[in-house]
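Q: Okay, here's what each chain looks like letter by letter:
There are 4 protein chains.
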Amino acid sequence: MISFTCDYNVGACPEILHRLAETNLDQEPGYGEDRFCESAKARIREAVGCPDADVFFLVGGTQTNSTVISAMLKGYEGVIAAETGHIEVHEAGAVEFTGHKVLTIPSHQGKILAEELKAYLERFYADEAYSHMVFPGMVYISFPTEYGTLYSQEELTRIREVCLQYGLSLFIDGARLGYGLMSRESDLDLHELASLCDVFYIGGTKVGALCGEAVVFPGGNAPAHFFTTIKQHGALLAKGRLLGIQFDTLFTDGLYFRISRHAIDMAQELKSIFHKAGIEFYIDSPTNQQFVILTPNQIESLRKEVLFEIWDQLPDGRSVVRFVTSWATTKEQLSRLEELLATC
Amino acid sequence: MISFTCDYNVGACPEILHRLAETNLDQEPGYGEDRFCESAKARIREAVGCPDADVFFLVGGTQTNSTVISAMLKGYEGVIAAETGHIEVHEAGAVEFTGHKVLTIPSHQGKILAEELKAYLERFYADEAYSHMVFPGMVYISFPTEYGTLYSQEELTRIREVCLQYGLSLFIDGARLGYGLMSRESDLDLHELASLCDVFYIGGTKVGALCGEAVVFPGGNAPAHFFTTIKQHGALLAKGRLLGIQFDTLFTDGLYFRISRHAIDMAQELKSIFHKAGIEFYIDSPTNQQFVILTPNQIESLRKEVLFEIWDQLPDGRSVVRFVTSWATTKEQLSRLEELLATC
Amino acid sequence: MISFTCDYNVGACPEILHRLAETNLDQEPGYGEDRFCESAKARIREAVGCPDADVFFLVGGTQTNSTVISAMLKGYEGVIAAETGHIEVHEAGAVEFTGHKVLTIPSHQGKILAEELKAYLERFYADEAYSHMVFPGMVYISFPTEYGTLYSQEELTRIREVCLQYGLSLFIDGARLGYGLMSRESDLDLHELASLCDVFYIGGTKVGALCGEAVVFPGGNAPAHFFTTIKQHGALLAKGRLLGIQFDTLFTDGLYFRISRHAIDMAQELKSIFHKAGIEFYIDSPTNQQFVILTPNQIESLRKEVLFEIWDQLPDGRSVVRFVTSWATTKEQLSRLEELLATC
Amino acid sequence: MISFTCDYNVGACPEILHRLAETNLDQEPGYGEDRFCESAKARIREAVGCPDADVFFLVGGTQTNSTVISAMLKGYEGVIAAETGHIEVHEAGAVEFTGHKVLTIPSHQGKILAEELKAYLERFYADEAYSHMVFPGMVYISFPTEYGTLYSQEELTRIREVCLQYGLSLFIDGARLGYGLMSRESDLDLHELASLCDVFYIGGTKVGALCGEAVVFPGGNAPAHFFTTIKQHGALLAKGRLLGIQFDTLFTDGLYFRISRHAIDMAQELKSIFHKAGIEFYIDSPTNQQFVILTPNQIESLRKEVLFEIWDQLPDGRSVVRFVTSWATTKEQLSRLEELLATC
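Protein chains in written order, with our numbering: chain F, 1 to 344; chain C, 1 to 344; chain H, 1 to 344; chain B, 1 to 344.
Hints were generated in silico from the structure; no laboratory data involved. Note that the coordinates shown come from a computational prediction; the quantities given were computed from them, not determined experimentally. Here a beta-carbon is modelled for each residue, glycine too, at the ideal position from N, C-alpha and C. It cannot be assumed that every hint is accurate.
Just the calculated beta-carbon pair ranges, DEER-fashion [said to hold, decoys possible]: (1) H:D127 <-> F:E305: 19 to 27 Å; (2) F:E305 <-> C:D189: 42 to 50 Å; (3) B:R303 <-> H:Q109: 54 to 62 Å; (4) C:E83 <-> B:S152: 27 to 35 Å.
Excised from the complex, chain F in its bound form (with noise of 0.2 Å):
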């Protein structure tokens, strides 16, 4: 079988594994007071163009959603994220866990509009009993989104120019951050897109770690004692080296762009595959995550050598079905998944 379900469906990057091998037997201090991690931050810092950034390792990307956001609302406020947001489908309710109401706005395609942000800002103040409502304290949005769709620099700013006249922090979910950055319509970089926002994390379980999640606060921002918040939320890793070995190597050579840029290579053949063979796209999508549209029948021939997700039911009996490419992803595995797709 040949997996498309998602990009987090091998282990790590072969530079990763060859690094933990080579320092096993070093002794190191736990908690994230290894070397490793000291190192990692140091080229992170560098790698987002902030001297001064906070940067934290967290183990999983929900996790790190609730911990940031728990940390950084007021005990009165909410976040306000897409209706299609993670955080708001598909993390089981963490971040009401921890007391916060997620406050939700439409979703284009993953994304949100920033008049449509201020729109609602501007009801919320405008309505005579807001005292009696959750506070909106923050913006989650995530970069690529859900549904693989990118914020150019433009619509960021606008975004965060609204945050700003709100008062509220932007926090941008990066779980595949590599996958937005090295795709070819994007036009931010990270130095860019860390100074459109108050913190932002790194995604490594999806771009080439066996775990991990970077947690950047570009202006040393970190709300104080965060250490004592990630250990409070069990998101506290004693081997603390195991993720700093990892984002070290990521940030080490450009490695982390490096298969971020493959995995976009072949989300791009992966697109013309599909275009060749007559495939809709459900959404034109320029990262790593490609949906397109299946009968019963494609579903049903593919899927006996290929795994990949339902994504949702159209009315007309067809799938909108979903792709993932990532940095494991291999040309034998497209070349195969053309050859089935010419005879179903």
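Knowing the structure of chain F, use the given hints to seat chains C, H and B on it.
A: Relative to the frame of chain F, chains C, H and B by itself:
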């Protein structure tokens, strides 16, 4: 420098690294639905002698404690622990963060006594105002304890009886389980331990793994939808294979027990080195954590080459100091410590 | 000024004040163990036709909602509500504060539809990723709704059937229960309503009391140790007598229903005044809340002497405005309003 | 039966009932925006000598404690209290329910000592692992304490100094504040008390009101949007007038202090009755709670006509028993008790 600070200061057993490399490009589903997790669960069920056991893999200890405790308690219940228990002291309030109180009873070198537990419960239900108080719903103990001590089969049986009498569940924190079971002074094996509690976990992080704790509900008595609760608590690893591979390896051919026994052998050797050097013991620990009393001069002298943790200050100016062995401790490290002790 | 802003803008029924004065120096136990609470519970059990019902007195509506909902949900569950539901909009995130998500479905003038509820549940369980999502555990509806509308017996029965089919409990927020039951358009009485849900409350604050809501578990199905949960949520009144006396009075000789009917009569009169004045209705409400559409000039003119709430802005510049009657509304107030409407 | 069980076993001061009746049909806004609340706040600001104080009215003590504490603590902080503190023992875990740990230090007849508080804080920050622990963020004390004892001005000043040194806020639970301030042994007045803490509350429930506690932030230092936090915690009374009227009345013409003094006078009389009867005191309390030691025979005999609370059991078979006076205690009740004591 040689470090005896803790049992999580190096990487993983070579067998684990080997297995990670070997399986690295196998495509597998995420979130613990991979074949490695399946295999690991089967091996653990066999090792604990409970064919119906529910097994879940989480990433770290604090996370596991707060997830298990909050999933098993009712909203109005708290968890009883020794006043030195890890959840009471060193988890940054992770249990309280989930809304539950830790109810403390006295610690005897890290252990609670069945009779004191019983007295606590009798007093609680004798109090006219008990409905205004937090109901005891669970007992938390650690095996070995935070002081390296062990419950005997009889002690554990009596605690279990009190729990049954008062309708409390019994949870055993096994972050260092291997080092307890493999102690020469333990009269409990894994089957017996599993039969004497409602839930426990088999620590991986401190016993040979990069990360990971295997939660076991021996009677198949996991709370409903515990998977979703794990996700909600940010404790679900996307690449569950990382945990599956590690535990599958640890429970193949008795590796977990073999490396645990090695740490115990090293601890025995360490004890005899301290004895020979005339160092006073603070606690007579049968496991891999040893607590000795050093003078300021001894500490200063040793610290040039050896790392260890200051545990407590004594009124006479000396310090309680913790030395920890692990699966990775070498005879060479011990020999060097012996030489250094001879000169300080 | 005459106020139609809400149904909690004056004190209490004279009968209640009289009874408070009469019993003022009687010494009684605290926390709801007084004889007034006992008597009130007996009267309520009789009024709802459930001799085994568990009855608890809480102080206010938001408090009651969050206490009941969090006590009845499992940790991984959320509560389904109309997107206009009070718990979703105007309780400052009190439900999320207890760790639970509010799951919204469309609102039809404040009501949810059984078929849309069912569709939501079908979609949830059809989703391959549902174990990563918040489980629906309860349905919350209000009777009357926030828009003054009512569920018919058939509508409520069908919602109940869906709940039973999917294992959800059904909770009815009865903050204005009397005004619903006494509406001429209601085909439900208190016995029937009680038989169609798992828990509901009889609103006192908005129906003649100084404060207080009577929570009823018709089947004696209160969660274990609900008293302690109430205390934990800060919702236990020390002088429980204050609640007992009020509900005992309200449920003596049908006072609760009589004063509710008065508010309905006044609302009917109010409607006819608006009709005569040619005012457009925004919703056809059969209860004590009336929503009409006023021009800016009408609003400006009326506001010199009359208080009411602006509910929403229409695109054409007019406003949706809420007028509320209560047990205390007088014919004089309505007559004056009629005069004013004639001149604006 | 005569009850000395507590200070909340009757209704309210006649002045309050009178005022409630008098204002009953005045239409006023809800949620504390009425003119009674406004007036009451002005009177309280004057009584505490803090013209800029923020004042909020909540309904009960446990609710007030958990709302204030959780609003003022950061997420990673806990609150220090005596191990006998009300929040630690008798609030069903309401503080933990909001996610915060109660950190206990020794109790000396209900009081904490500045030097022990300081020692606790020194130990905390000297601990190498303190970042893995709950940070102390606030000190909670009660005045009078749960044992009826009082802090002197010097004791309170020294506690305050330690708080300032370590950046902790100081919160005084004044559920029985009047009975403390009016004690003949108190060397603190309300101005001084207000100047020595960051927040405190003036208890109404136990001092003449039907319900209600007035939270005072002397320096106008209420947390941002505290109104919304109150709502979120289910602690906002819709008919805020009920609280406004009561506190306005209590702080008119010194009523609060006059009735408090009456309770103290009755307590003095009670003490002298016990002395005359040769009853042993458990604590020498200068306030309205008296703790005496009775034999089983005395208890059995008295209980035929008198209600009181068993507080604790002594090893010799006798019991610690609490007798409480209040604003409503009468000389007749005391005389009857004296007669009964003479015969048992």
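Q: Find the hints from earlier in the document that the structure breaks and name them by number, from lowest to highest.
A: Failing hints: none at all.
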